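Protein sequence lines, in the order shown, are assigned to chains F and Z.
Sequential numbering of the first sequence, starting at 100, is according to the working numbering.
Sequential numbering of the second sequence, starting at 100, is according to the working numbering.
Honestly, the hints are just simulated from the structure, not real lab data.
If a hint is listed, it holds; no wrong ones were tucked in.
Same chains, same label: a pair holds when it works inside one copy or across any pair of copies.
Result set (DSSO-like, lysine-lysine): computed pairs, CA atoms no more than 30 angstroms apart in a straight line:
#1 Lys164 - Lys149
#2 Lys149 - Lys189
#3 Lys189 - Lys164
Here the structure is a predicted model, which is why all the values come from computation and not from measurement.
Protein chains: 2
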Amino acid sequence: MMDGQADLDRMFHALSDRSRRGMIDRLGRGPASVTELAAPLAVALPTVMKHLQVLEESGLVFSEKSGRVRTYRLQQDALAAVERWVEQRKIQWTTTFDRLDHFLANETETLPE
Amino acid sequence: MMDGQADLDRMFHALSDRSRRGMIDRLGRGPASVTELAAPLAVALPTVMKHLQVLEESGLVFSEKSGRVRTYRLQQDALAAVERWVEQRKIQWTTTFDRLDHFLANETETLPE
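Okay, chain F solo, but in the shape it has when bound:
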């Protein structure tokens, strides 16, 4: 059983860097090797490897090695957990505001004339 909070910690952390978000966008267009993922970035290879490790640990991407080439792919439903988290907040906040509206409407109705 995975810890949902730890999963979200790792996922939001993985998304908090524009180079890693760029890699996710690249993988959204299809699988890619480390070299292909490193190409648009002006950073050293160890930095690229570190970014890919963070992305893999977050569960957003996975990799397979065939011969000497490691290929990275986007996990199916990669952003589903993030999307669900945002959705739940929006529903809660709408409910809170609806209750407040209802409360204020009732207050107005019962004002003495």
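With chain F fixed as given, assemble chain Z onto it according to the hints.
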């Protein structure tokens, strides 16, 4: 003009800690003081203040001081930028998969008999 990438870096970083996500949930139910926000957390006050600073810098929450009490509130449309980022990826990925489906369907149709 704000830098969208820097905004997203800060916003995702703010969300990458469960204590900060807990504060966002608390503020979703209404404004709160530092003391109220600190109450459910088993951490020292300087840590609480640091979390609130990260949340304010990300634009997810804002605060006002009245007398000696600082009150924190959720920014309206707090998660809109995150939601938009996820939505855009989902649209792109669906398009990519649709194109692949279309390509594969055409390939099958033109196979030699």
